[in-house]
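Protein chains: 4
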Amino acid sequence: MAPDVPLVVPQVNGDHLAMVRAQPSFAATGGFIVTNANCSTTGLVIALRPLLDAFTVDAVAVTTLQAISGAGYPGVASLDILDNVIPFISGEEEKMETEYAKILAARDARSGALAPPAFRVSAACHRVHVRDGHTLAVTVALRARPGGAEPTPAAAAAALAAWAPADARVSRLPSAPAAWLELRAEPNRPQPRLDRDAGGGYTTVIGRVRADAVHTVKMAVHSHNTIMGAAGSSVLNAELAAVMGLLKQRGE
Amino acid sequence: MAPDVPLVVPQVNGDHLAMVRAQPSFAATGGFIVTNANCSTTGLVIALRPLLDAFTVDAVAVTTLQAISGAGYPGVASLDILDNVIPFISGEEEKMETEYAKILAARDARSGALAPPAFRVSAACHRVHVRDGHTLAVTVALRARPGGAEPTPAAAAAALAAWAPADARVSRLPSAPAAWLELRAEPNRPQPRLDRDAGGGYTTVIGRVRADAVHTVKMAVHSHNTIMGAAGSSVLNAELAAVMGLLKQRGE
Amino acid sequence: MAPDVPLVVPQVNGDHLAMVRAQPSFAATGGFIVTNANCSTTGLVIALRPLLDAFTVDAVAVTTLQAISGAGYPGVASLDILDNVIPFISGEEEKMETEYAKILAARDARSGALAPPAFRVSAACHRVHVRDGHTLAVTVALRARPGGAEPTPAAAAAALAAWAPADARVSRLPSAPAAWLELRAEPNRPQPRLDRDAGGGYTTVIGRVRADAVHTVKMAVHSHNTIMGAAGSSVLNAELAAVMGLLKQRGE
Amino acid sequence: MAPDVPLVVPQVNGDHLAMVRAQPSFAATGGFIVTNANCSTTGLVIALRPLLDAFTVDAVAVTTLQAISGAGYPGVASLDILDNVIPFISGEEEKMETEYAKILAARDARSGALAPPAFRVSAACHRVHVRDGHTLAVTVALRARPGGAEPTPAAAAAALAAWAPADARVSRLPSAPAAWLELRAEPNRPQPRLDRDAGGGYTTVIGRVRADAVHTVKMAVHSHNTIMGAAGSSVLNAELAAVMGLLKQRGE
Chain R
1 MAPDVPLVVP
11 QVNGDHLAMV
21 RAQPSFAATG
31 GFIVTNANCS
41 TTGLVIALRP
51 LLDAFTVDAV
61 AVTTLQAISG
71 AGYPGVASLD
81 ILDNVIPFIS
91 GEEEKMETEY
101 AKILAARDAR
111 SGALAPPAFR
121 VSAACHRVHV
131 RDGHTLAVTV
141 ALRARPGGAE
151 PTPAAAAAAL
161 AAWAPADARV
171 SRLPSAPAAW
181 LELRAEPNRP
191 QPRLDRDAGG
201 GYTTVIGRVR
211 ADAVHTVKMA
221 VHSHNTIMGA
231 AGSSVLNAEL
241 AAVMGLLKQR
251 GE
Chain Y
1001 MAPDVPLVVP
1011 QVNGDHLAMV
1021 RAQPSFAATG
1031 GFIVTNANCS
1041 TTGLVIALRP
1051 LLDAFTVDAV
1061 AVTTLQAISG
1071 AGYPGVASLD
1081 ILDNVIPFIS
1091 GEEEKMETEY
1101 AKILAARDAR
1111 SGALAPPAFR
1121 VSAACHRVHV
1131 RDGHTLAVTV
1141 ALRARPGGAE
1151 PTPAAAAAAL
1161 AAWAPADARV
1171 SRLPSAPAAW
1181 LELRAEPNRP
1191 QPRLDRDAGG
1201 GYTTVIGRVR
1211 ADAVHTVKMA
1221 VHSHNTIMGA
1231 AGSSVLNAEL
1241 AAVMGLLKQR
1251 GE
Chain W
2001 MAPDVPLVVP
2011 QVNGDHLAMV
2021 RAQPSFAATG
2031 GFIVTNANCS
2041 TTGLVIALRP
2051 LLDAFTVDAV
2061 AVTTLQAISG
2071 AGYPGVASLD
2081 ILDNVIPFIS
2091 GEEEKMETEY
2101 AKILAARDAR
2111 SGALAPPAFR
2121 VSAACHRVHV
2131 RDGHTLAVTV
2141 ALRARPGGAE
2151 PTPAAAAAAL
2161 AAWAPADARV
2171 SRLPSAPAAW
2181 LELRAEPNRP
2191 QPRLDRDAGG
2201 GYTTVIGRVR
2211 ADAVHTVKMA
2221 VHSHNTIMGA
2231 AGSSVLNAEL
2241 AAVMGLLKQR
2251 GE
Chain H
3001 MAPDVPLVVP
3011 QVNGDHLAMV
3021 RAQPSFAATG
3031 GFIVTNANCS
3041 TTGLVIALRP
3051 LLDAFTVDAV
3061 AVTTLQAISG
3071 AGYPGVASLD
3081 ILDNVIPFIS
3091 GEEEKMETEY
3101 AKILAARDAR
3111 SGALAPPAFR
3121 VSAACHRVHV
3131 RDGHTLAVTV
3141 ALRARPGGAE
3151 PTPAAAAAAL
3161 AAWAPADARV
3171 SRLPSAPAAW
3181 LELRAEPNRP
3191 QPRLDRDAGG
3201 GYTTVIGRVR
3211 ADAVHTVKMA
3221 VHSHNTIMGA
3231 AGSSVLNAEL
3241 AAVMGLLKQR
3251 GE
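Residue numbers (our numbering), protein chains in the order written: chain R, 1 to 252; chain Y, 1001 to 1252; chain W, 2001 to 2252; chain H, 3001 to 3252.
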């Protein structure tokens, strides 16, 4: 969370990578630091990006059902999770309630300043008996932008379905999947076992986009925690850094 | 949901049982119909009752992580739930978003009229790989009542900890547990496997009462779905009906 | 089990396919019936074939730990298998104790008569909480053949490792895996989750070939029950039938 | 396994406790060492004792399906056992293939010498996705004793059902269950989730006593690994030591 270290989910805020040019080491040696987001934050910001591009977001509440692989190995003891849910993951809610603001901040291309979004995120995190793949129950309070479309569930689903990263180079990265987002129409998807391998783990699968009785829209989001939510994000960040000319060639 | 059929979670709205006197069969034969609530609704209204007694509730959002026994037997196929989460239970969200209003309605003792509460509930329901015990992630938007305490997390926890049913007879029913509510201070409770047998399955266990970044307070609620959420509720309803003199004796 | 219907695990007794020529329908219409074996039997006979080719087999005892997918869909209720073992699968032990004899029978190429092997198989079958992949604990009483090698664990492992089907065409079938058998040296393999996808589910993985205190050799055998043990076996049988010229072309 | 340290499963070889009188510390201070058996061995010897009392045992083969709690806490990583079987538990087979001989040894009451039984045990051990309770698939080669009954499955079942420890004091110990052995007639019992709490975890549950195609009789045995197979055994040993006058009173 250091100010000059970008926190990058490449399809969401790939432009933040340029922040590394301000790191002291960049000029000196070409070295720089980029971090990728917490695995749960990753799925959340990927699902919020299209909504933020189309509507005004006023608030977000997310409940996670997270896979055991998120805790590493040996990680979660089998005696703790067999026939059980653990409604707590140390530090996870704090990360989800802060990282989104840095990732979804608008970056001024000239000054490089980040303007975080105005809305807040409330997170409740759970460990469940699933090997890989985090499921997020997300509700979003939305408003139409001046002159913009009403944020109906159909309009939100359309925004999600039509979305692509602003920087088209991101979608042509070697590890980029055919689709960054996949919308499922079935009432009972996404499910970790059925959807975690979509796009080799790089595709975030969203379903059940529907009206919310308290906020505006709710949806189920699935993200592969060890691919898009971890190593895959790092791979894409490196690929994007190369495309953006941030990597010094050997011998340069 | 028929107007003259009470929907009763005994410790929450036991007074609604009196509604059966208005059922045509009651005068004619002494027979009457009482229903108990959906298993997920049960845990929710038990946790909301103390908050509603102490504060003004403006909105509620709940995400459920429900046990397989809620689907009966054979119910959920093992191939569907092993290493998986199913983010959908047919009809469940609709029940949770309507039943609470009837159960938490204030009943005018004279007219018998029910005045439902003003707030709305948003529900997102999931099936998880747990045998018994529903976990609910609940967030509540609260306001102080005129002249009342501020709804801080500590005040909400105190309201939950101090709560007892208005009608003291409910707590003396033969099947009543030592405590209707149990507050856990550990960061990682309640958990189905550790807490589902509290009070023989009749005690609702609540933990993690904490500030919510969007609403006011959030908490983790655990309720045993086949005991307090099903058969046990029916047993308590029958016991309370006896105490209230609603049961005709054999030969009367 | 009809006498003129071959029970074929292609890499084990592909030559039995020729039996279909004796079926009345074959001459009349070109139609014929081939069956593949029970999923547990399949893994067993694949592991026994190399031992039977190298030594005299006197007795076999097998205990199975079978995946839930073996029961089809919806199949095993999640309430029955979560946190449990079921030491019984209806009809399974009977199949394992009879089918092997037909599959491992030597077929006289001229008369077509089947001579079943002399040894008996004892089976104890269990359902365990695994999605796909049957694990078999196999113990075998072996004797050296006249002039043959002693059936030490090392010799048994070597026989397994070196084995290939007598009919080399079987290993060139379109769906044939790179290896029919894979021997693992680690003390804790094979495991369903790690080994079921070997060879796309067509490779049987064997480990822990070691001395047996009562019989001669014991080993752990893993076979993918829905691929090599079911649909895959059928596919291979069809491919082999084509190679053997048993399939009438459209219009013939 | 030290020669003067008894390895005691109280209902099986409680008389071995007397061996502690030969330990140097016993005379000096009253202190002595007793060990209880490996959790898997415990279930096995409890099931073999009645057969050994009624018939001549020639050989035993056992395959185990062991619960995760046998590995302690944190023990088995959830990533290792979810949707999996591990066909190996370090040192377990070796213990099962040696400890039975010491426990089932006949003790000469005068000399104190132990005469181990003549048969061998072959063990294959597996970890399965069960919280508590070890399931054992046991096959036994039996012969009638001179003048004794034929070891039919019915006779074996009768021997198991009628069995009680030779020393009646064992069955009156404070922690002794109503029955040391429970025979189930259903085809699909015992099961860990249904049978592990029999007798508070002190009752060994046996089912499926049936003919074995290779040996004589096979059966399914269930023993609670953390109660009868561990702490409970120690408690019973202490209680029996008290009854046998082996415990020095405070101040003696």
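Treat the hints with care, as some may be off.
What the hints assert, rightly or not - Examples of chain Y residues toward chain R, derived with CB under 8 Å:
| # | residue |
| --- | --- |
| 1 | F1026 |
| 2 | A1059 |
| 3 | A1061 |
| 4 | D1083 |
| 5 | A1124 |
| 6 | H1126 |
| 7 | T1135 |
| 8 | D1197 |
| 9 | D1212 |
| 10 | A1213 |
I should point out that these hints are in silico values taken from the structure, not numbers from a laboratory. Just so it is clear, CB atoms sit at the ideal spot from N, CA and C, and this is done for glycine as well.
Next on the checklist: Which constraints among the numbered hints does this structure fail? Numbers only, ascending.
Outcome noted: 1 and 8
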